[in-house]
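Trainee: Taken in order, these protein sequences are the chains called X and Z.
Start counting the first sequence at 1; every next residue gets the next number (the working numbering).
Start counting the second sequence at 316; every next residue gets the next number (the working numbering).
Since the hints were made in silico from the structure, they are not lab data.
Every residue gets a Cβ at the ideal spot worked out from N, C-alpha and C, and that includes glycine.
One should not assume that every hint holds.
The calculated label-pair distances, taken between Cβ atoms and stated as ranges, are [unchecked claim]:
(1) 630(Z) to 124(X): 50 to 58 Å
(2) 332(Z) to 132(X): 25 to 33 Å
(3) 504(Z) to 249(X): 52 to 60 Å
(4) 229(X) to 395(Z): 15 to 23 Å
Simulated coverage check for chain X against chain Z, where a stretch passes if three residues somewhere in it have a Cβ under 8 Å from a Cβ of chain Z [to be verified]:
(5) 134-142
(6) 207-213
(7) 218-224
Far from chain X, by Cβ distances over 10 Å, these chain Z residues were calculated [stated by the list, open to error]:
(8) 344
(9) 399
(10) 418
(11) 431
(12) 449
(13) 552
(14) 588
(15) 630
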Amino acid sequence: MLAHIGQKVAQTFAVLLIVSFASFALLKLAPGDPVVLMLGSEFSQETYDDMRAQLGLDQPFLAQYVQWLGDFVTGHWGTSYVGRADIYTYVVHEALPVTLTLTAASIFLALLIGVPLGVISAVRKDGVLDTVVAAGALTLTAFPSFFLGILLIWFLAVRFGLFPVMGFVPPWQDFAAGMWHLALPALTLSTFFIGMIVRVTRAAMIEVMEQPYIASARARGEPQWRVVWVHGMRNIMMPLVTTVGLQLGGILQGAVLTETVFSLPGLGQMLTNAVLGREYVLVQAGVMLTALMFIFVNLLVDLSYPFLDPRLRTR
Amino acid sequence: MNDILLDVRDLTLDRGEKRILDRVSLTLAKGETLALVGESGAGKSTIAIALMGLLGRSATTSGTARFDDQPDLLSLSERGWAALRGRKLAMVFQDAGAALNPSFTVGRQLASVLRRQLGLSKFEARSRAVALMESVGINDAEGRMTAYPHQLSGGMQQRVMVAIALACNPDLLFADEPTSALDVTIQAQIIRLILEQTRARGASCIFVLHDLALASQSCDRIVVLYAGQVMEAGPTEVVLRDPRHPYTRLLQSCVIEIGTEDLTPPEGSVPPYDQMPAGCRFSTRCPRADARCAAERPPLQPVAGRDLACWHPEDAA
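This is chain X alone, in the form it adopts within the complex:
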C-alpha cells in the first residue's frame, strides 16, 4: 500500500517536471521580445543589453530553465513587468482562491444535480424521464458554456435583477454574498460538467443494476431505495471519481471563459490578460499552477481507488 502511494507520488513528480519544462520551452519559443516590450519604442543597445542581463535572458536555455524552476519552487515568481507587483502574492493569494472557489462550487453543483438525475435515469431506463434527461444531458454537454453564461446574465441578472452581473465576494468573508455572486458563474461553468456526470452516472448505474449482487440484494428483501442508493451507489463511485478527476482539465479551461464573462478576478482572467500582454512569467506561473492542480487532483483520484473498491486493497 505505502509502496503504491510512493510510486504514484514519484510518477506525479516526473509528470510535473515534464510539464514545467514544456511550459517553459513553449513560452521561450513564442514570438515577441519581452525586453523590447518592457523598454518601449526608444532605447539604446546598452540599455537593451543591461535589461537582458538583468532578466537573465542572456543565459543558456537550460540554465534559464533551472534558474526559473528553482525560483518557482521557492516562491520567487518574479514581478509582473506591467503591474510591477509580486507575482507569487498576486497569483496565489488573489487569483487562485477565486478560481478554486469557482471550480469547487461548480463541481459540487454538477454532482448535486448530475448524480441524482443520472441515477433516476438509469433506474427508469428507456422511460420518458430517461429520454428527457439523456437529451438534456447531451444538449448541456454540446452547449458552449460562455453562451449560456451570457444568456443567464441577460435574463437573471439584467432583466430580473435576481443576481449580480459580475464581481467576486470571498465566501469566507461574507458567505451569503459570496454564494450570491458565485451562483451564476458556478451554474454556467457546471453545465458542461452536469451533462458529463449524468451520462457517466447513468451508464455506470445501468451496468451495476445488471450485476447479480443487485438481484441478490433484492432477493434478501432490500427495498428499492436501498438497492439503488446503497448497493448500486457504492459501486459507481470509481467511475464517478475518475470522471471528476479527468474533467477537471475541462473545468479549468471553462473557468477561463467563465471568469472573463463574469469579470471574476481569477486565474483565468489573469491568464487571459497575461497572454494578451505577453507577460511570459505570469503565463508560466498560471500554466504551472493549473497543471499542478490538475495533476494533484488526479493523484488524489488515483490514491482514492483502494478506498472506493476493496478489491484493489491488496497486500
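Fit chain Z to the supplied structure of chain X, relying on the hints for placement.
Mentor: The following block gives chain Z in isolation, referenced to the frame of chain X:
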C-alpha cells in the same frame, strides 16, 4: 407433511415474441425438496426468478402461483414482494462471488439482513451473524465478518450466501445451481449444507440443477423441463428409476453414455424460441414424435405414479 406450500398453475412467461415458459405447473409440499432439471436454457432458473419477483419489466407473465397464505405471487406489487423476500422466500445464487456486493464486508451484508428484516439491534445482529456463519461451517467466523467477498474462497462465499438466505428462516429457499461455480470436491459439501440447513428449519427447497445425479441424491421430487415446458414430474425415485418420457430417457442415457454429468443430449439442439412447435416442444428431436405431437400439446397427466406430458410414453423399463 402434505400441506401444500407452493402451487404454481400454468405459469407462462413471454419476452417479446418469445415464450420462455409455457404453462408450467408444479406443486411443493411443506418441507419438501424439489429439483428442476433440464438442459441450459430450459427455463429452470427463470421459474425461480419469476417466483422471487425478480423478473425485469421486459417479461410478461400469466398463470397463478399460490404460496402459503398468498393467493398469487405473480400479481404482487413491489411492496408485497418486499415483505416476502428475505423473510419467507430466499434465494441462493449461482455464483456467490458475483452475488455478494464487492464493496461491503460479508459480515455487514449478513448483519444488515438481520437488522432490517428482524429489527435486531446492531449488537444483536452482529452476534447472530457470527452464529449463523459458524452454523454454515465457516471457521473463524468472528474474523471473517470483516472480510470482503473477494477475500474468501468460492466455497466460503457460497456458505455466506446460504447464511444470508437462511438468516430469517424462510419457508422456501430457491437454490439456483448453487454449485456450478465451485470445484467438484466442494459441490457435494454445499448441497449437503443446504439440505441440512433447510431440513433443520423445516423449510422447503427448490433446487435448479443440470445434474441428474445430484438431483437423484438430494431431492424428494423432480420436475424435468424442456424449452419451458414440463415433460415429466414426480417423486425422484419413480421418475429416474423408470422414466416414461422420451426426453427423460434421453437425458438419462446421455449421462450414462458420455459418463459426464452435463446434461446436453448428443444429437440435435433446442430450436430458437420463436420457432417452437405449437405442441410438444421436444417433438422436433423426439424419436417417437408424430404429426400430432408437433400440433397438439399433450396434457400433464398422472401415469404410473408421476405426471407425464406425452402422447407416446415409453413402456415400463
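Trainee: Determine for every hint whether it applies to the structure shown.
Mentor: How the hints compare with the structure:
A C-beta distance of roughly 56 Å is found between residue 630(Z) and residue 124(X), which places it inside the suggested range of 50 to 58 Å. Under the hint 25 to 33 Å, the C-beta atoms of residue 332(Z) and residue 132(X), about 29 Å apart, fit the expected range. Taking 52 to 60 Å as the suggested C-beta distance range, the pair residue 504(Z) and residue 249(X) conforms, at roughly 53 Å. The beta-carbon spacing between residue 229(X) and residue 395(Z), approximately 22 Å, falls within the hinted interval of 15 to 23 Å.
As drawn, the stretch 134-142 of chain X meets chain Z at 0 residues by the rule of a beta-carbon pair under 8 Å; below three, the given contact is violated. Three residues within the 8 Å Cβ limit are the bar, and the stretch 207-213 of chain X against chain Z gives 3, so the coverage statement holds. Given a C-beta distance limit of less than 8 Å, the hint that chain Z covers the stretch 218-224 of chain X holds, as 7 residues qualify and 3 suffice. Against chain X, the non-interface label of residue 344(Z) holds: every CB pair exceeds 10 Å, the least being about 23 Å.
Listed as outside the interface, residue 399(Z) is inconsistent with that label: its C-beta sits roughly 8 Å from the nearest C-beta of chain X, within the 10 Å cut-off. At the 10 Å boundary, the C-beta of residue 418(Z) falls inside the reach of chain X, the nearest C-beta of that chain being 4 Å off. Remark: the non-interface label on residue 431(Z) conflicts with the geometry, its nearest Cβ contact in chain X lying 7 Å away (cut-off 10 Å). Non-interface status of residue 449(Z) relative to chain X is upheld: no Cβ of that chain comes within 10 Å, the nearest being about 20 Å off.
For residue 552(Z), the shortest C-beta to C-beta distance to chain X comes to about 31 Å, beyond the 10 Å cut-off, and the non-interface label holds. Against the 10 Å criterion, residue 588(Z) stays outside the reach of chain X, whose nearest CB is about 21 Å from its own CB. Every CB of chain X is more than 10 Å from the CB of residue 630(Z) (nearest about 43 Å), matching its label as outside the interface.
When the structure is compared with the earlier hints, violations turn up for hints 5, 9, 10, 11 and for no others.
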